[in-house]
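Line order of the protein sequences matches chains A and B. If you're matching positions, the first sequence starts at 1 in our numbering and goes up one per residue. If you're matching positions, the second sequence starts at 1 in our numbering and goes up one per residue.
Treat the hints with care, as some may be off.
Said to hold, decoys possible - Below 25 Å or equal to it, Euclidean Cα-Cα: the simulated PhoX-like pairs (lysine-lysine) are:
| id | chain 1 | residue 1 | chain 2 | residue 2 |
| --- | --- | --- | --- | --- |
| 1 | A | 231 | B | 108 |
| 2 | A | 163 | A | 137 |
| 3 | A | 224 | A | 108 |
| 4 | B | 314 | A | 30 |
| 5 | A | 351 | A | 315 |
| 6 | A | 30 | B | 315 |
| 7 | A | 108 | B | 224 |
| 8 | A | 314 | B | 44 |
| 9 | B | 271 | B | 44 |
| 10 | A | 217 | B | 315 |
| 11 | A | 224 | B | 217 |
| 12 | B | 231 | A | 108 |
| 13 | B | 224 | B | 108 |
| 14 | B | 315 | A | 314 |
| 15 | A | 315 | B | 44 |
| 16 | A | 351 | A | 159 |
| 17 | A | 44 | B | 217 |
| 18 | B | 30 | A | 315 |
| 19 | B | 44 | A | 108 |
| 20 | A | 92 | B | 217 |
| 21 | B | 314 | A | 217 |
| 22 | B | 224 | A | 217 |
| 23 | A | 137 | A | 288 |
| 24 | A | 44 | B | 315 |
| 25 | B | 92 | A | 217 |
Just so you know, the hints here were simulated from the structure itself, not pulled from any lab data.
2 protein chains.
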Amino acid sequence: MSRIYNFSAGPAVLPLEVLEEARDEMVDYKGSGMSVMEMSHRGKVYAAIHEEAKQNLRDLLGLTDDYDVIFVQGGASLQFAMLPMNFLGEGKVADYVASGNWGAQAIKQARLVGQVNVAADCEKEIPTRMPRDGECKWTPGAVYAHITSNETISGAQWKNLPKTEAPLVADMSSDILSRPFDIRDFAMVYAGAQKNLGPAGMAVVVIRKDFAAAGNKALPTMLKYSTFIDKDSLYNTPPCYSIYMLALTTRWLKKFGLANMYRRNVEKAAKLYAAIDASSFYRGTALKEFRSDMNVTWRLPTEDLEAQFVSEAKKVGLDGLKGHRSVGGIRASIYNAFPTEGVDALVAFMKDFEKKFG
Amino acid sequence: MSRIYNFSAGPAVLPLEVLEEARDEMVDYKGSGMSVMEMSHRGKVYAAIHEEAKQNLRDLLGLTDDYDVIFVQGGASLQFAMLPMNFLGEGKVADYVASGNWGAQAIKQARLVGQVNVAADCEKEIPTRMPRDGECKWTPGAVYAHITSNETISGAQWKNLPKTEAPLVADMSSDILSRPFDIRDFAMVYAGAQKNLGPAGMAVVVIRKDFAAAGNKALPTMLKYSTFIDKDSLYNTPPCYSIYMLALTTRWLKKFGLANMYRRNVEKAAKLYAAIDASSFYRGTALKEFRSDMNVTWRLPTEDLEAQFVSEAKKVGLDGLKGHRSVGGIRASIYNAFPTEGVDALVAFMKDFEKKFG
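Please work from the sequences and hints to get the whole structure.
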């Protein structure tokens with residue numbers, strides 16, 4: 001077995017010990033005589049997995065009883081639609097921040113449903129960034145305000161998450177559980193699972209009960225947050241194996257500690273940004289004050305050199321460094337499970353590559 | 001390792017060799033240095049898995065180029081809503097057959113969207129059954145007609161699938177790929193994956209291109225069939241690992257052969273029905289002509305005896321025999337991957353149990 005360093009933006013690297021545990025339990029989960037994939041979602045064995053997944057998230061996010069945790073298939077992309085379908089009715093307006101590709105996608109889906117105010121727009125700016133304090137023009141009486149905490153493609157991240165009068169909703173797909181934050185500032189937080197939480201196949205939604213209660217009741221059952229809340233994400237068969245992997249991944253994170261993880265994430269990112277800043281060959285894509293700890297993005301002097309960088313890196317086991325097809329460049333995604341040794345290997349490779357081609 | 005006989009209705013038993021392959025490839029998929037869970041859905045390694053999953057389904061279902069195969073998260077339950085959202089517009093009517101719990105759920109979701117005609121209703125009849133030839137009152141000009149090919153809870157199955165003037169749509173969640181059928185009679189077939197196809201976490205939708213083209217274009221992107229067709233189920237991150245497991249499971253089925261599998265399914269079911277019919281202690285739930293080959297349902301003289309049957313069976317490694325909570329009784333789900341030896345063990349147990357308690 002030879003594992004590579006996988007810088008993919010998502011699906012992304014998972015902790016090796018989590019994969020090994022999943023492997024060892026694949027055919028017979030803890031003496032049940034079944035794989036987790038095979039067991040009834042109404043049985044006791046699965047119920048314990050479901051509970052652990054929720055409780056680990058509650059513990060790591062410091063949730064009070066005011067919040068529910070639900071598991072919804074369809075990733076963050078379906079959340080872009082469910083959020084306005086549930087809350088953005090006729091005559092109402094929602095605030096959105098256009099901070100990059102993902103913020104723009106959330107806006108596009110909301111506009112199919114209702115009225116959107118763009119509170120701030122830095123979507124297409126280069127260097128990439130997030131809005132500055134005071135830059136957002138929030139709408140009085142908005143039903144909610146939506147931000148993207150980390151733009152995976154541009155490599156920009158909110159460092160001081162805003163506080164808003166309207167219920168604040170965040171797409172945290174690419175930085176949830178990478179750092180502590182105060183959930184009490186948010187009415188809802190959602191995240192596709194495939195970066196810091198587990199494999200692709202669902203979104204985790206953390207939602208304040210009073211906010212959820214105001215949702216549209218006339219929607220199809222599977223598109224209402226209230227269905228998932230009332231039925232504990234078991235109205236229909238949930239993605240049991242994805243939830244199992246999330247339980248293992250969050251168990252691993254609890255053991256490591258969120259504060260320790262945050263410290264390690266900052267250190268990993270700092271090593272890459274230091275390598276970028278130490279050279280005029282590499283140029284960081286994001287403004288320094290908004291540099292993401294999860295997705296480090298930079299350019300080389302030419303696109304040809306970028307292509308060569310990606311392909312030479314792959315040859316030495318540094319995979320997935322190609323920037324998103326919409327923007328090009330280089331992107332190193334270094335989520336929680338990405339090991340420090342892989343960052344060190346990339347820094348060394350960057351120095352070598354510059355020596356040869358710089 | 002000691003595997004039990006798992007009669008769960010879904011999630012359900014998977015082929016042991018498929019689970020063993022998944023186990024062996026968990027940490028390093030074919031020398032890629034990554035788990036399938038960790039790899040980019042835009043990369044070449046995953047692309048081959050995605051293609052195989054689709055091609056296996058195309059081969060097994062005998063699809064012509066007129067049909068697309070797509071993977072949609074949310075299970076059959078989300079399909080209950082997506083189908084009418086896409087096709088049942090203002091001033092239109094769709095025909096539905098109420099044949100049991102699942103047919104009724106499809107009707108309930110369609111009524112939230114548009115006008116429904118119930119073409120036949122045997123939902124609450126005991127013994128359970130499907131409509132007889134000529135019993136369905138189809139609506140001229142209906143946008144589609146919807147049936148449930150196998151009612152998992154009641155244990156009734158269409159033996160002669162109907163032909164309709166309107167585009168025919170079938171929920172085949174619990175019997176897809178258990179028997180051959182002529183796809184050309186259908187505009188669309190969908191199935192939650194967690195019975196005959198793989199683990200829970202998505203639905204497979206087979207849809208005729210001209211039918212799909214008539215869909216509502218104003219829906220949120222993730223709720224339009226056209227999105228999944230146009231983007232090859234890769235508009236957003238698909239449930240990669242579920243698709244991988246489906247590729248392995250359909251590869252296993254291709255090796256076995258669909259005709260052989262159908263023969264084995266009929267034989268397995270016949271053994272259980274023969275055991276039921278040989279005794280006055282057990283009473284089958286479904287009318288004989290509609291007995292399901294996938295979900296065999298029966299009653300004992302009292303609910304106490306049923307509870308005892310389930311618990312004694314569990315002690316000898318026959319698990320998941322409790323009927324659905326909405327109807328009680330006993331249910332043995334014996335999908336493709338369920339081994340004949342497990343059926344034989346259940347038949348022997350039934351005889352013993354009757355001797356002791358009958």
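Against the structure, the hints come out as follows:
| no. | hint | verdict |
| --- | --- | --- |
| 1 | 231/A / 108/B | 18 Å, holds |
| 2 | 163/A / 137/A | 12 Å, holds |
| 3 | 224/A / 108/A | 20 Å, holds |
| 4 | 314/B / 30/A | 17 Å, holds |
| 5 | 351/A / 315/A | 16 Å, holds |
| 6 | 30/A / 315/B | 17 Å, holds |
| 7 | 108/A / 224/B | 15 Å, holds |
| 8 | 314/A / 44/B | 13 Å, holds |
| 9 | 271/B / 44/B | 46 Å, violated |
| 10 | 217/A / 315/B | 44 Å, violated |
| 11 | 224/A / 217/B | 21 Å, holds |
| 12 | 231/B / 108/A | 18 Å, holds |
| 13 | 224/B / 108/B | 20 Å, holds |
| 14 | 315/B / 314/A | 53 Å, violated |
| 15 | 315/A / 44/B | 15 Å, holds |
| 16 | 351/A / 159/A | 29 Å, violated |
| 17 | 44/A / 217/B | 43 Å, violated |
| 18 | 30/B / 315/A | 17 Å, holds |
| 19 | 44/B / 108/A | 30 Å, violated |
| 20 | 92/A / 217/B | 23 Å, holds |
| 21 | 314/B / 217/A | 41 Å, violated |
| 22 | 224/B / 217/A | 21 Å, holds |
| 23 | 137/A / 288/A | 24 Å, holds |
| 24 | 44/A / 315/B | 15 Å, holds |
| 25 | 92/B / 217/A | 24 Å, holds |
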